[in-house]
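Participant: Okay, here's what each chain looks like letter by letter:
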Amino acid sequence: MIRNLLALDGVLVVCHFRDDGALLEGYGMMDDAMLERLARFAHDYKRMVQGNTDQFSMFTGLPGWAPPRGWNVRGAQHTVCSVGNLVCFIDNTEASLNEVMRELTEASQY
Amino acid sequence: MSSLDNLIGLEGASAAFEFSQSGELTDHRVAEGSDLTAETLDLLAHVFVANIAIATMQARGWEKTTGQGGFYPIQGFTLVGFEWSTVGNGRRGVVLRNDVADFEAAYAALEG
Amino acid sequence: MSVYSELAVMEGVIAAGEYAYRGDRYHFKGQLSDEMARMASIMCRATTMSTHMQSDILCANSDNCPFEEAHGWIVRGPQFSVCVMANIFCFVQNEPGVLNRVFRWMRERLMDAHEMV
Chain L
962 MIRNLLALDG VLVVCHFRDD GALLEGYGMM DDAMLERLAR FAHDYKRMVQ
1012 GNTDQFSMFT GLPGWAPPRG WNVRGAQHTV CSVGNLVCFI DNTEASLNEV
1062 MRELTEASQY
Chain E
610 MSSLDNLIGL EGASAAFEFS QSGELTDHRV AEGSDLTAET LDLLAHVFVA
660 NIAIATMQAR GWEKTTGQGG FYPIQGFTLV GFEWSTVGNG RRGVVLRNDV
710 ADFEAAYAAL EG
Chain B
375 MSVYSELAVM EGVIAAGEYA YRGDRYHFKG QLSDEMARMA SIMCRATTMS
425 THMQSDILCA NSDNCPFEEA HGWIVRGPQF SVCVMANIFC FVQNEPGVLN
475 RVFRWMRERL MDAHEMV
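Chains as they are written, first to last, in this note's numbering: chain L, 962 to 1071; chain E, 610 to 721; chain B, 375 to 491.
Among the hints, erroneous ones may be present.
Said to hold, decoys possible - Beyond 12 Å from chain E on every Cβ pair, some chain L residues (computed):
#1 Arg964
#2 Arg1001
#3 Val1041
Claimed, not checked - Just the calculated beta-carbon pair ranges, DEER-fashion:
#4 L:Glu1060 <-> B:Gly471: 41 to 51 Å
#5 E:Phe691 <-> L:Tyr1071: 37 to 47 Å
#6 B:Gln405 <-> L:Val1034: 19 to 29 Å
These are computed hints drawn from the structure, not numbers from a lab.
None of the values given here were measured: they were computed from a predicted structure.
Ideal Cβ placement from N, Cα and C applies to all residues, glycine included.
Let the hints inform the model, and build the full structure from the sequences given.
Facilitator: Encoded structure:
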């Protein structure tokens, strides 16, 4: 099912990872070793974002931030975006970040 | 004697390095026999910049929420590995062997 | 006696505690309120998770990486330092000798603890 995300413009890779960071399934322009590394990175980054969001909520008392739904990190040519336990690697010139985040949110609820 | 020479002179030091505010390596010394590379030190420099930024957020939040001062401004961060630790502030860092590491001397040397 | 209880009575230690890697459980001893200890646990867990991720990335991307696994970290402020190893944290005064003594003790007791104490 997540393979459908590759049909979006500019989506180069999509992965589904387990709560322990292991790769469940991954598709796109990366070999298996790189898919596993992307899954591990996304899992670690997710936990780090969770930790920082918990602290932000704790210090400010503001509702609506924790638990975080997702994150993205934008580089010059590529962006890594994640919602839930899904992560995509996209090309900035071809992909619509809004569309990818929206589709990831939907797919993460399957 | 430069501050990097002071740092590399600490007991058990295998590298000393200097970096920009955004974490790019600008200068370094590696002790004889160490296989640390400039690329690794550049990554460690970014580790310092990232962790000092997070620790600053924590210190600000802690002081505002609890009223207890004494953590801000953050003066340094140490990452402890199994055999090695790296001690740094926002400008410089040093890699030390854990069994002989003197963290207090390292923090004092970093301020110099 | 638990590790954090032993730490809490060392000279120069303000408070020490342990936190669960998952969930909200924590225990502590020393001069912190219960709410401060809860907050300290959340902060220490977040930084520990972050250093684990950083050492993973560091070693995946460099040869001869000296930080194969992050065992702990220290943050130093003007008056106090926080010292963490495995899932044990302690707040210490920046007085001469304290940080080195506490770190040495924690290293001896906790360096081989891969997950939780």
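Participant: Run every hint past the structure and note whether it holds.
Facilitator: For each hint, the structure was consulted:
Taking the minimum C-beta to C-beta distance to chain E, about 34 Å, the non-interface status of L:Arg964 holds against the 12 Å cut. Look at L:Arg1001: its CB is around 17 Å from the nearest CB on chain E, clear of 12 Å, so calling it non-interface holds up. The beta carbon of L:Val1041 sits about 16 Å from the closest Cβ of chain E, which is more than 12 Å, so the claim that it is off the interface holds. The hinted window of 41 to 51 Å between L:Glu1060 and B:Gly471 is violated, with their beta carbons roughly 59 Å apart.
Checked against the given bound of 37 to 47 Å, the beta carbons of E:Phe691 and L:Tyr1071, roughly 41 Å apart, stay inside it. A hinted range of 19 to 29 Å for the beta carbons of B:Gln405 and L:Val1034 is inconsistent with their spacing of about 39 Å.
The structure does not agree with the numbered hints 4 and 6 stated previously, though it agrees with the rest.
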